[in-house]
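The primary structure of each chain is shown beneath.
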Amino acid sequence: MAVLLQATHLIKRFGDVVAVNGVSFGLEAGTCFGLLGPNGAGKTTIIEMLEGITLADSGEILYRNKPAGADFRNDAGIMFQSTALQDYMTVREALQMFGSFYPRTTPIDELVDTCSLGEFLDRDSRKLSGGQRQRLLLAIALINNPQVVFLDEPTTGLDPQARHNLWALVKRIRAQGKTILLTTHYMEEAYELCDEIAIMDHGKIITRGSPKTLLAEHFDEVILQLPRTDIPGDPTELPLPVTLHEEEETVEILSRDINATIRTLLDNDISLAGLQIRPRTLEDLFLALTGKGLRA
Amino acid sequence: MNWHRFLAVLKARNREFIRDRAALGWNIIFPIFIVAGFAFAFSGKPMDLYKVGVYGTDSVQKLAEAEKTQPFFRTDYIRFIPVSELAPALTKVERHQLDMLFDLDQHYYWINRDSPKGYMLERILHGADTPADTANHSTGDFQRQTVSGREIRYVDWLIPGVLAMNMMFSALFGVGYVIVRYRKSGVLKRLQATPVTAFEFLTAQVVSRLWLILAITSGVYAGANLFIDFSMFGSYVLLLLVFTLGAISLISLGLLVAARIASEELAGGILNVLSWPMMFLSGVWFSLEGANPLIQQLALLFPLTHIIDASRAIMIDGAGLAGISTQLLVLTLMSGVFLLLGAALFRWK
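First to last, the sequence lines map onto chains A and B.
Just so we're aligned, residue 985 is where the first sequence starts under the numbering used here, counting upward by one.
Just so we're aligned, residue 744 is where the second sequence starts under the numbering used here, counting upward by one.
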């Protein structure tokens, strides 16, 4: 597939802090690319450099093989992590105002239908719920019928229903052939929506690929999970790779051979009544690569 | 400049202001309260003191001689004020700022036909004659002259200042504070991500606030005039020109303050630091005549001083374009400098 947007060796410093340190990647047309990373990893700075909101100290951004200039804004749809609209503006007025900024627009009726805004079209935008507000901001991001859509943590703070609703919307947009760059803290979201992800830390991309490929590359085991109370004695004395989660009162056992592990458990008179088996997830990969220490 | 984008931002800002009923109401009611309050406070009779101007070659010497020879000039409760120019003194008689005027060279005196005080003074002048004085022509050689005109009350003098002060608060806080709020809340960042340019955005803010200020000032002017019936001797077109230029200069100053700040507290502090000295040193409440020359010079740095001076000149003195050309020039220069600096320093984030 053709690369629509290419970032090459982007660097951005804020004082002594290097927020983005030589990041390069390309967005293929019609795909959803996810940028994952802990707080302060540099995701938002990268997305803002691509949007033209923040200037890179060095590096190059090409759109359709040409330097991304002012015209790129006509082709880009942007949904910030936190956006405010002017006060006393209804949903309809917000869409009309943003629509008038662009030479080419998506019909408002179509957006209202796509983003399910019909019920509160004439409501003051300040009186929308979190999910309704995010749908409006997504509609605003789509008002110029963009080729590239930037979604910076679009579901942060939403309840599960609203989050799944927004996922469905993003899938619909991707199905229309639009190219999406998504940042998120939710690994499930990235797994669900992204064709390709890059995990960042300390301003650098530390791994990149499709979610399934990355999981296959990094893990070849599954996790067996048991309630702590089902294991008599000290779980760490078992002849298995055991991790004890004191707070959750669970025990996790990594296994490449489930049958052998289960036999070992039975040999040690451990009940399998509460046994759960799960594959390794993106969250496991994320924590394995970025660590479990708290970030800013 | 893309007019579609400019008009969209302008419309959004106008809508926001008009729908914010608390802010709109405050902008209208506040100046009416002030004007009504002062009209009430100053509607009582002033101190019973007659003011008589005395003109003549070496008027001080002439007045001293007159005091010796003519009893009228020794009357208690009359303040005799030597004046060096006849025409401005006559204007003051017309406006009841002087109750009587003597020309000791030509032996004329003037009173205002419409002034009760002038009438009383004339009676005192003649009543003060003694038979001996009359024989010596101590008063009889003054020939009576009259003028006519309306009294200039304190409230007449105050109105231009109050209107300009209201413009100042509306411009500084209505633009400066709002832009800082936009920046802090992320409205500006969202607009930056669109093709809207800083010039289009800032121009829309200026135009939006300008017409609102002019509309509200006109409304307050008309409304206050209904109750107070204040003086307006000059041209309404010129007054509109002064208010327009004045509003642009103040809005531009607000833009300059808000060019980079993202803290509403800091913006509020800076705007207060600018607005309070202007309110007290630009002559809203009292004239700076006789104040420390340094203060007078400092006041000239404020756009409000020039707005008030020009509008008073039009409303009270009936000044024409030539009479206010200096103030117009200064306001134009200030607007240009503030706008250019504000646009150059402006940051979306």
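One thing to keep in mind: the hints can contain errors.
Derived list of chain B stretches under chain A, where covered just means 3 residues or more per stretch with a C-beta under 8 Å from a C-beta of chain A [unchecked claim]:
| id | segment |
| --- | --- |
| 1 | 757 to 769 |
| 2 | 973 to 984 |
| 3 | 1034 to 1045 |
Listed next, the stretches of chain A that the computed footprint assigns to chain B, with coverage defined by at least 3 CB atoms under 8 Å from CB atoms of chain B [said to hold, decoys possible]:
| id | segment |
| --- | --- |
| 4 | 1055 to 1065 |
| 5 | 1083 to 1090 |
Straight-line alpha carbon distances no greater than 16 Å define the calculated EDC-like cross-link-like pairs of lysine to aspartate or glutamate that follow [to be verified]:
| id | chain 1 | residue 1 | chain 2 | residue 2 |
| --- | --- | --- | --- | --- |
| 6 | A | K1155 | A | E1172 |
| 7 | B | K754 | A | E1172 |
| 8 | A | K1111 | A | D1071 |
| 9 | B | K835 | B | D857 |
| 10 | A | K1196 | A | D1179 |
| 11 | B | K927 | A | D1071 |
| 12 | B | K927 | B | E1032 |
| 13 | B | K794 | B | D848 |
| 14 | B | K754 | A | E1077 |
Simulated from the structure, these hints should not be mistaken for laboratory data.
All values derive from a computational prediction rather than experimental measurement.
Just so it is clear, CB atoms sit at the ideal spot from N, CA and C, and this is done for glycine as well.
- With a Cβ-Cβ cutoff of 8 Å, does the segment 1055 to 1065 of chain A contain at least three residues near chain B? It holds: at least three residues are needed, and the segment 1055 to 1065 of chain A offers 5 whose Cβ sits within less than 8 Å of chain B.
- Query: Are there at least three residues in the segment 1083 to 1090 of chain A whose beta carbon sits under 8 Å from a beta carbon of chain B?
  - Reply: holds (count 3)
- Item | Distance restraint between K754(B) and E1077(A), which requires alpha-carbon spacing of 16 Å or less | Holds, at roughly 10 Å.
- Per the coverage rule (Cβ-Cβ under 8 Å, at least three residues), is the segment 973 to 984 of chain B covered by chain A? violated (count 0)
- Message: For a C-alpha distance cap of 16 Å, please report whether K754(B) and E1172(A) respect it.
- Response: violated (42 Å)
- Pair hint outcome, K1196(A) versus D1179(A) [Cα-Cα no greater than 16 Å]: holds (9 Å)
- Message: Tell me if the straight-line CA distance from K794(B) to D848(B) falls inside 16 Å.
- Response: violated (19 Å)
- Message: Count the residues of the segment 1034 to 1045 of chain B whose Cβ falls closer than 8 Å to any Cβ of chain A, and tell me whether that reaches three.
- Response: Contact hint for the segment 1034 to 1045 of chain B vs chain A: violated, 0 residues under 8 Å.
- Task: Mind checking the alpha carbons of K927(B) and D1071(A) for me, to see if they're no more than 16 Å apart?
- Result: Cα-Cα ~14 Å, so holds.
- Query: Between K1111(A) and D1071(A), is the straight-line Cα distance small enough, at 16 Å or below?
  - Reply: Distance of about 10 Å is within 16 Å: holds.
- Query: Given the hinted pair K927(B) and E1032(B), is their alpha-carbon gap at most 16 Å?
  - Reply: Violated, at about 43 Å.
- Would you say the segment 757 to 769 of chain B counts as covered by chain A, given the rule of at least 3 residues with C-beta under 8 Å? holds (count 4)
Violation of the numbered hints given earlier is confined to hints 2, 3, 7, 12 and 13; the remaining hints are satisfied by the structure.
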